[in-house]
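> These protein sequence lines are chains A and B, in that order.
The first sequence lines up with residues 1 to 369 when you count with our numbering.
The second sequence lines up with residues 1 to 369 when you count with our numbering.
Source of the hints: derived by calculation from the structure; they are not laboratory data.
Any given hint might turn out to be false.
Stated by the list, open to error - Here are the simulated PhoX-like pairs of lysine-lysine, each with C-alpha atoms no more than 25 Å apart in a straight line:
hint	chain 1	residue 1	chain 2	residue 2
1	A	Lys-341	A	Lys-78
2	B	Lys-28	A	Lys-146
3	A	Lys-27	B	Lys-142
4	B	Lys-341	A	Lys-355
Protein chains: 2
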Amino acid sequence: MNEIIDLDENSGVIICQAGCVLENIDKKLEGSGLMVPLDLGAKGSCHIGGNVATNAGGLRLLRYGNLHGNVLGLEVVKANGEVIDCLSTLKKDNTGFHLKHLFIGSEGTLGFITKVSLQCPPRARSINVAFLGLQNFDKVLKTFRKAKEDLCEILSAFEVIDSTSMEFAKETVGITSPIGDYPYYLLIETSGSNPEHDADKLYKFLDLVLVKHLALNGTLATEPAKVNAIWAIREKIPEGFKHSSVLCYDFSLPLSKYFDLVEDMRNHMGSLAKKVFGFGHLGDGNLHLQIEVNEMSKEVRDHVEPNVFERVKQMNGSISAEHGMGFLKANYLSFANPPSKVEMMRNLKSMLDPKGILNPYKVFPWTYS
Amino acid sequence: MNEIIDLDENSGVIICQAGCVLENIDKKLEGSGLMVPLDLGAKGSCHIGGNVATNAGGLRLLRYGNLHGNVLGLEVVKANGEVIDCLSTLKKDNTGFHLKHLFIGSEGTLGFITKVSLQCPPRARSINVAFLGLQNFDKVLKTFRKAKEDLCEILSAFEVIDSTSMEFAKETVGITSPIGDYPYYLLIETSGSNPEHDADKLYKFLDLVLVKHLALNGTLATEPAKVNAIWAIREKIPEGFKHSSVLCYDFSLPLSKYFDLVEDMRNHMGSLAKKVFGFGHLGDGNLHLQIEVNEMSKEVRDHVEPNVFERVKQMNGSISAEHGMGFLKANYLSFANPPSKVEMMRNLKSMLDPKGILNPYKVFPWTYS
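Okay, chain A solo, but in the shape it has when bound (with noise of 0.2 Å):
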């Protein structure tokens, strides 16, 4: 199930078994200069059937797109055993419903994915990384449009820290700020075609937010060594998960709102909690949310959840961004879903796996067997 089966060169399509390794597919194609549109931390031991399955989305979204928008075919396997064939690799195809997309994103619930064909753009030539000190929300988000503005079809990242988040980090990993402590820091990452032009937009970026007062400090980075140093500082955050007690979770929120959710919970925890704290995705409007306690207790737990749900759900967010619904989330299905949505969702189950014997007790809260 791990082999690569086809690769276009010319129309930059690959079509792999689903127990590929996502780091695998990207290193088939590097020779012919083009990568998988797909990056996440987990890339050298996930499979593409699973990023497929739980419709991963990673850390360049915002600049390749989705998995509904890349996947261009998939083969399926259904609960009767029947080999569902939308193995297409063409990027317009117009003959009827577009079945495939029911099945990004089920967590294998309604069938299990065999094969996938992926559209692959070019690989970057060129990545640059910008690290920059804020003082408040505001000049965050004026600074992402600016970013979307100015860097536009190059800007590959743009990841958001928080103080806190910064001090957990220090405390826990003994990672720092290289350009001083500040209220907020941005990473901001391009990924183009040619590196005279992308450094030549950065730098003029950079300038313009410090002039403008958007940020109060920033460093760049070109050369790879320095860039991978700069990603460390964001990658490194959730290792300090396992030297303390940190409730984490993973919400989509409106850009307006995106670090209200954290002030708002830090109220609430009180004293029950050593620190609260949001890192994320900004670029996508995901926000890792994390409180940071003494003890993990009942006591705790429940008062977390699932106020911190509700509180997402009245800002219009999602109670999982990247995550999915799983074990941990499938008592939440009729909490984040309206009634007529879980109704269909219900009757897509019946339809395709009415045994109930595709990945039982994930998504669903209810048993079907």
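Starting from the known structure of chain A, arrange chain B on it as the hints suggest.
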């Protein structure tokens, strides 16, 4: 049904009613430096609800992606009058099945789309166009790969026209090539945020394809009037259909076989056709095949169909890239899809519209009432 409900300038997300005309949405976005991620000839009259229901592709899918990637949410009315609220504005939301995709491209047969939320990219600040003449299709493909590598993030259209298309355009609407006569022509458009960088990329690209003898001749336009004049060459070809009898087809084909179909059909038609020619969005594998005949007769039609569809199928192409199944191709549903997919479509139709009252006789050749 033609109101714009909300525009979030921070996240670049617009919510509108389904009856909004595509061009009006784009005008609304202009002031915020945003654009609709979809552009097609009919933009002045087509409705966004129809665009979504037919999964419209258009001219710049190559750059901005398809509607499955760009539609963030839908409100849909089911056949029983129940409203399905999938009107999310979030880029990442994995809280259950991704139901909205069922309605994208279902041609109104599963539900009636009433509201749409769309993610909108930054508006391009510079649009440039190159027009090239090439000797053979192998060089067309090599030029495409080079364009993807070197123009990469700013490549927004890659259109091909064969010499017979140009002859037809000359005879019917008086259009001629501005660079002399060649077997193949390419119209390559770039859209970007930095006019200087964009022009530099395109000039260097043009130099390179001429020096490497991929193209025999070429011209470049950076001023809007000249850009429009070059686009007019491509866009006016279909106007010739009003002055002649032409059978028009909209196929997707693997790039390696893209023009084989034109040659095959030329041989197949023999003296029954005046001209067989092809042009289209090569960047998306989308070929518009045209067969000009002296007179439209049953004999001619029977000679073309289903033969041409069988050829497309043999080449692993799609018999309807953009135009859907509608009335005209409904009878080909089982031809274009394997039995397992057709059965799943029937089951979905029965589930969502058991009385068959939604857009009857479209997509499905059977009636349900």
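> Give me the numbers of the hints this structure contradicts, sorted from smallest to largest.
none
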